[in-house]
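Q: Here is how the chains run, residue by residue.
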Amino acid sequence: MATLTGVLARPSGYTGVWSWITTVDHKRIGILYGFTAFAMLLIAGVEAGVMRAQLATADSDLVSPGVFNQMFTMHATAMVFNVIMPLSASFFNLIVPLAIGARDVAFPRLNALSYWLFLFGTLLLHAGFLQNQAPDAGWFSYASLTEKPYSANAGMDFWALGLLVLGTSSVAAALNFTVTIINMRAPGMSLMRMPVFIWMTLITSILLILAFPVITVGLIELTMDRNFGTHFFMPAGGGDPLLWQHLFWVFGHPEVYILILPPMGVVSEVLPTFSRKPLFGYPFVVFSGITIGIMSWAVWSHHMFTVGLGPVANSVFTITTMLIAVPTGVKIFNWIGTMWGGAIEFKTSMLFAVGFVFLFIIGGLSGVSHAVAPADNQQQDTYYIVAHIHYVLFGGSIFGIFAGIYYWGPKFTGRLLGEGLGKLNFWLIFIGMNLTFFPMHFVGMNGMPRRVYTYPAESGFQLLNSLSSLGYIVLFIGFVVFIVNYLRSSKNGAEAGHDPWDAPGIEWSISSPPPAYNFAVIPEVLGRDHYWIVKEQAREAGQGTPPGEAHVDERTIHMPSPSYWPIVIAFGVTWIAGGLLTHYALSFAGGIIAFAGVVGWGNEPAAAESDH
Amino acid sequence: MAHGVETAHHAEEEYTTTGLNHRKLLMWVFLGSDCMFFGALIATYMVYRGQSLNGPYPIDIINVPVTTISTFVLLCSSFSMVQALAATNKNDQRGIKIWLLATAFLGAIFIGFQVVEFNTFKNEGLTLGANLFGASFFTLTGFHGAHVTLGIIWLLGMFVLAVKGRVGPATALDVEILGLYWHFVDIVWIVIFTLLYLIGGFDAGPAPASGG
Chain Z
1 MATLTGVLAR
11 PSGYTGVWSW
21 ITTVDHKRIG
31 ILYGFTAFAM
41 LLIAGVEAGV
51 MRAQLATADS
61 DLVSPGVFNQ
71 MFTMHATAMV
81 FNVIMPLSAS
91 FFNLIVPLAI
101 GARDVAFPRL
111 NALSYWLFLF
121 GTLLLHAGFL
131 QNQAPDAGWF
141 SYASLTEKPY
151 SANAGMDFWA
161 LGLLVLGTSS
171 VAAALNFTVT
181 IINMRAPGMS
191 LMRMPVFIWM
201 TLITSILLIL
211 AFPVITVGLI
221 ELTMDRNFGT
231 HFFMPAGGGD
241 PLLWQHLFWV
251 FGHPEVYILI
261 LPPMGVVSEV
271 LPTFSRKPLF
281 GYPFVVFSGI
291 TIGIMSWAVW
301 SHHMFTVGLG
311 PVANSVFTIT
321 TMLIAVPTGV
331 KIFNWIGTMW
341 GGAIEFKTSM
351 LFAVGFVFLF
361 IIGGLSGVSH
371 AVAPADNQQQ
381 DTYYIVAHIH
391 YVLFGGSIFG
401 IFAGIYYWGP
411 KFTGRLLGEG
421 LGKLNFWLIF
431 IGMNLTFFPM
441 HFVGMNGMPR
451 RVYTYPAESG
461 FQLLNSLSSL
471 GYIVLFIGFV
481 VFIVNYLRSS
491 KNGAEAGHDP
501 WDAPGIEWSI
511 SSPPPAYNFA
521 VIPEVLGRDH
531 YWIVKEQARE
541 AGQGTPPGEA
551 HVDERTIHMP
561 SPSYWPIVIA
571 FGVTWIAGGL
581 LTHYALSFAG
591 GIIAFAGVVG
601 WGNEPAAAES
611 DH
Chain W
1 MAHGVETAHH
11 AEEEYTTTGL
21 NHRKLLMWVF
31 LGSDCMFFGA
41 LIATYMVYRG
51 QSLNGPYPID
61 IINVPVTTIS
71 TFVLLCSSFS
81 MVQALAATNK
91 NDQRGIKIWL
101 LATAFLGAIF
111 IGFQVVEFNT
121 FKNEGLTLGA
131 NLFGASFFTL
141 TGFHGAHVTL
151 GIIWLLGMFV
161 LAVKGRVGPA
171 TALDVEILGL
181 YWHFVDIVWI
191 VIFTLLYLIG
201 GFDAGPAPAS
211 GG
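Quick mapping for you: the protein sequence lines, in order, are chains Z and W.
The opening position of the first sequence corresponds to residue 1 in my numbering, with each subsequent residue numbered one higher.
The opening position of the second sequence corresponds to residue 1 in my numbering, with each subsequent residue numbered one higher.
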């Protein structure tokens, strides 16, 4: 540790801006992920607002077709890669170590690196806006639209390089959580005692690890086509644009489950807590999750029914796509079975979880309808698909995430979110969501194409589109109510206490917010719903409700020390990518910075001796 | 055998659920990820096999005998890697240094062959932009070469530590993880050599590839 660590003194302390920049605490990194992703949610939401304003009336010329293309491209790209994935990552960070009874993740500095790569990758992806060169070829970026002759400005380079950096971040995080979950469970927590959210995190992480390299290759080939003269996706040089579609969707379909499995895990925690019943059919929920993970690799060509793969391929992918609906349906029946006969308590979190089940059924059913290749020929590239994707990703993922925010949020702020504003928040978003996206089923089936900036008055689409745009306003107010609720409750909210919901998870046995070391004593896990068992045993012994674990002196517990190197490496890696857009010298400089960071990291012990 | 002394050190290692060290598990999972990376690159090559619109075609320039030599050299480096780990476990300080350096050296020879090969191909008209063969060949073998280069840098870093006397049974896991990576990169090359040289190396012209 002689050389590079000497240049920068080892950071220490737990306050101030520097403590956030150098933090390796999974809870703080989770909070950073959460706030960054929520800011991106607002930006991508405003982009959606531009589209809804444009589409509110027929033959509108509020924005140009070019701007409209940028809006739908960046709205979708950001929502997938900068909002839903990092919001899930935020929950992974906040919850996983607490729920498995660990003090941190397996690789705290790698965890910090994941966050900084995510932040810088997001900035690189959006940097095109500064030069009015935002990506504009859709979030799927079909070749050969993305090639230099058809997409001359640097927008697609920002897109490809930004996603490469984001992919590195996701794989690093997924490796970390896979090892953490496999290797850092508290004694007694066998695999089949893990909370379902932890199971879904594990499956999601494995999907990320295996799916991202495929899109990485696609992005590299795209970048080489645009900058180094290859013809991977250029028919003029013999290349096949369909190869891009295959690479994209081999990644893209597991990606869909990467977006939905974590919220499914959240809902599987929330429903039992507020039904006061253990999850119905736990093994079925777990194994259907695993089945979905495996089968997600065998359905990608259902995104390509109309490209002419032939009847055999279309039939095979029709069948596999219908089959994957089975494990999803199993989960839905288990959630309903959990609520059945339970003493249901409709807290805001529960409302969002029930809303998730309700809306996901609608999204799932429209999904099965385009699993049928002939029906899909009618639906392809219409607003029917837009309706479907928003019922599963908004009605599904975002509702699941909100259920999680209302459920787990108090664990980290120490204060309950307001129930009154919370219910207003739920109903506004629930009504706004249906008002916005339900009409899209009808305009879509009537033939309104997606990704087109306007429609003629005589098409008869005006009324339903106006309703959708009205729904956007309701949604917007719903999100404002959430922000108000968050700000108010973080100052004046009721004290949450360590276990506000009488919940079953281990994380509720420690104080809110948890101390830096999480558990003073690593718990011995007694069963699937550990904390319910503990509380039941205490009641039977006539001891009443056990209090939260008492705090101990932080210095007595050996924790990983903060580090500068993660942000240094992330900065260098981003410049390697950014330099490809401007001067290769910058890439070289970025490489040196990253290499110096790696050397510094390698020479630094995970925990400084003085921190004992 | 210095094992007795070292077990005390190992006992301090953190508890893990599976008993497998975190970093070793991380490397295994990462290699799974890397399999998909090379899988996608190899798939690109196979899809475009025989699809080039113009030459040079593989039969015109692929030199199987020369690459057989560099393949043999790379395979030997796996042997020396195994020896390096064995020496580390036995705390044979001289052996550690010799075998680590030998592995890096053999890897460097392989990279040297690749540099010469790339230059020759370029002079014979095969560039990234020449045809689909050039694009998919250089991308796949180039990324493999980058993996080998990274491995060499890692080996040299480990060698520097060995010179300082900081490699021994207590740090055998570090050498083992490096070995996992190195062997993986070798195995990938066996696949590449088989597909791009032994099978694809004799492709001529834009005839449709057999077996699709």
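Please note that the accuracy of each hint is not assured.
Said to hold, decoys possible - Simulated restraints on C-beta separations:
no.	chain 1	residue 1	chain 2	residue 2	range
1	Z	18	W	123	52 to 60 Å
2	Z	456	W	59	53 to 61 Å
3	W	95	Z	18	39 to 47 Å
4	Z	557	W	95	34 to 42 Å
5	W	59	Z	229	43 to 51 Å
Unchecked claim - The following residues of chain Z were derived to be distant from chain W, with all beta-carbon distances above 10 Å:
no.	residue
6	213
7	240
8	581
9	602
Said to hold, decoys possible - Away from chain Z, derived, C-beta distances all over 10 Å, residues of chain W:
no.	residue
10	34
11	36
12	47
13	94
14	152
15	159
16	197
Keep in mind that the hints were calculated from the coordinates and are not lab data.
C-beta: ideal position from N, C-alpha, C; glycine also.
Q: The structure should be examined with respect to each hint, and the outcome stated for every one.
A: Against the structure, the hints:
no., hint, verdict
1, Z:18 - W:123: 52 to 60 Å, "holds, 54 Å"
2, Z:456 - W:59: 53 to 61 Å, "holds, 57 Å"
3, W:95 - Z:18: 39 to 47 Å, "holds, 45 Å"
4, Z:557 - W:95: 34 to 42 Å, "holds, 41 Å"
5, W:59 - Z:229: 43 to 51 Å, "violated, 23 Å"
6, 213, "violated, 4 Å"
7, 240, "violated, 7 Å"
8, 581, "holds, 19 Å"
9, 602, "violated, 8 Å"
10, 34, "violated, 7 Å"
11, 36, "violated, 4 Å"
12, 47, "violated, 6 Å"
13, 94, "holds, 24 Å"
14, 152, "holds, 14 Å"
15, 159, "holds, 14 Å"
16, 197, "holds, 21 Å"
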